[in-house]
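Colleague: In case you want the letters, here they are:
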Amino acid sequence: AQSVTQLDSQVPVFEEAPVELRCNYSSSVSVYLFWYVQYPNQGLQLLLKYLSGSTLVESINGFEAEFNKSQTSFHLRKPSVHISDTAEYFCAVSLGGYNKLIFGAGTRLAVHP
Amino acid sequence: EAGVAQSPRYKIIEKRQSVAFWCNPISGHATLYWYQQILGQGPKLLIQFQNNGVVDDSQLPKDRFSAERLKGVDSTLKIQPAKLEDSAVYLCASSLGQGTDTQYFGPGTRLTVL
Chain Y
107 AQSVTQLDSQ VPVFEEAPVE LRCNYSSSVS VYLFWYVQYP NQGLQLLLKY LSGSTLVESI
167 NGFEAEFNKS QTSFHLRKPS VHISDTAEYF CAVSLGGYNK LIFGAGTRLA VHP
Chain L
389 EAGVAQSPRY KIIEKRQSVA FWCNPISGHA TLYWYQQILG QGPKLLIQFQ NNGVVDDSQL
449 PKDRFSAERL KGVDSTLKIQ PAKLEDSAVY LCASSLGQGT DTQYFGPGTR LTVL
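These protein sequence lines are chains Y and L, in that order.
Those letters in the first sequence? Residues 107 to 219, by the numbering used here.
Those letters in the second sequence? Residues 389 to 502, by the numbering used here.
Derived from the structure by calculation, the hints contain no laboratory data.
A few of these clues could be false.
Residues from chain Y that face chain L, not an exhaustive set, calculated with beta carbons under 8 angstroms [what the hints assert, rightly or not]:
#1 143
#2 146
#3 150
#4 152
#5 202
#6 209
#7 211
#8 216
#9 219
C-beta atoms are modelled at their ideal positions from N, C-alpha and C, and glycine is treated no differently.
Please construct the entire structure, taking both the sequences and the accompanying hints into account.
Modeller: Written out as structure tokens, the structure reads:
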């Protein structure tokens with residue numbers, strides 16, 4: 107069975123500092139990987155995804171994630187965060203097929219001025 | 389383009405009562421999902437529809453939960469009778485198809501069972 111572990115439940119950081127949100131997954135078969143973001147009082151939104159090809163994927167607002175098959179990880183990074191990045195971030199895996207997403211427990215990113 | 393709509397946004401009921409949630413997916417999306425998100429946890433898939441057929445309901449507690457998607461568009465999720473542990477946010481999502489198509493989520497319905 108597949109599972110997702112987000113190693114940090116909360117990450118406080120100062121504005122303009124770099125941040126890394128960690129995600130590890132467990133699966134005996136190939137998976138597709140996703141990061142979703144949930145801003146306060148809003149629904150989940152897709153931030154970025156890895157399906158195939160380059161292991162480094164980027165979002166339009168400066169986040170990037172790298173698929174590391176040997177370490178079964180898909181950590182999310184941003185070199186300089188803004189107050190507006192304050193949100194909860196969810197890592198998820200899918201086998202494709204029926205497109206069933208399995209989510210981690212989430213990491214709450216709090217950006218302080 | 390309108391997003392996924394859900395109603396109500398909030399619901400408070402007492403245990404053993406029944407409740408229903410409604411979802412209207414993005415126009416043209418064939419696949420519809422219901423997730424349960426308990427406080428402090430990630431969303432968990434309850435049921436997935438492809439058009440008006442069920443493709444996965446393995447984690448739906450069928451003794452109390454039911455869902456339907458008549459005519460392959462809107463969907464309702466019902467709980468009868470509710471238990472305290474059903475307190476959660478119920479999320480509806482839709483996608484064009486299956487495979488790796490992006491899932492678009494609604495704002496959710498926050499259910500509190502007293």
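Colleague: Which earlier hints can't be squared with this structure?
Modeller: Numbers 1, 2, 8, 9 - these are the hints that the structure violates, sorted from lowest upward.
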